[in-house]
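J.: The task is simple: from the sequences and hints, build the whole structure.
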Amino acid sequence: MKISIEEISKEREEEILIRCHEVDDEIYEIINKLENENLIVLGHQKDKVHRIKLSEIYYFEAVDGKVFVYCKDNVFEVKQKLYELEALCKEKNCFRASKSTILNIAKISYINPSISGRFEAVLDNGERTVVSRQYVPVLKKMLGL
Numbered sequence: 000m001k002i003s004i005e006e007i008s009k010e011r012e013e014e015i016l017i018r019c020h021e022v023d024d025e026i027y028e029i030i031n032k033l034e035n036e037n038l039i040v041l042g043h044q045k046d047k048v049h050r051i052k053l054s055e056i057y058y059f060e061a062v063d064g065k066v067f068v069y070c071k072d073n074v075f076e077v078k079q080k081l082y083e084l085e086a087l088c089k090e091k092n093c094f095r096a097s098k099s100t101i102l103n104i105a106k107i108s109y110i111n112p113s114i115s116g117r118f119e120a121v122l123d124n125g126e127r128t129v130v131s132r133q134y135v136p137v138l139k140k141m142l143g144l
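Residue numbers (numbering that gives the first Met the number 0): 0 to 144.
Hints in this document: simulated from the structure, not taken from any laboratory.
Hints are not guaranteed to be accurate.
No more than 16 Å apart at the CA atoms, straight line, and that leaves these computed lysine to aspartate or glutamate pairs for EDC-like [said to hold, decoys possible]:
hint : residue 1 : residue 2
1    : K52       : D72
2    : K32       : E55
3    : K78       : D46
4    : K91       : E55
Here are the computed distance ranges between Cβ atoms for each label pair [unchecked claim]:
hint : residue 1 : residue 2 : range
5    : L41       : G125      : 24 to 30 Å
6    : K65       : I2        : 39 to 45 Å
7    : N73       : E21       : 39 to 45 Å
8    : G125      : E28       : 21 to 27 Å
9    : K9        : V121      : 22 to 28 Å
Quantities reported herein were computed from a predicted structural model and do not represent experimental measurements.
Glycine included, C-beta positions come from ideal geometry on N, C-alpha and C.
T.: In structure tokens form, the structure reads like this:
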């Protein structure tokens, strides 16, 4: 595979062009990675606003009417509702795991079947979260199971 980079003037719009013989899983993976890097969520923490890339986010959780974003070492509050984040992150490696949680599938180390048809997802940072049984088919589809 040949990779070319062309520097352009600031007046021109940046673009990425992929030329391929066939659009396969590898191409979709590259596109997904590029799109995930571009999505930024604003997180609030101690009177400061932080720009957080979707690729750094482990999961979103709604607690007592507030929505929080969990990263490797930090927790931020976000102003969007969970359903707004779900729409924003659709097709970007995130899925609704329960009524109050949206998980970034790229941050899951492994999953274990649990009781009553639920799954337990263990994240890269060691945290464990439950995938409700009504959302298990979505997880299976995303994992290709």
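J.: Provide an ascending list of the numbers of those earlier hints which the structure does not satisfy.
T.: Going through the list in order, the structure violates hint 9 alone and respects the others.
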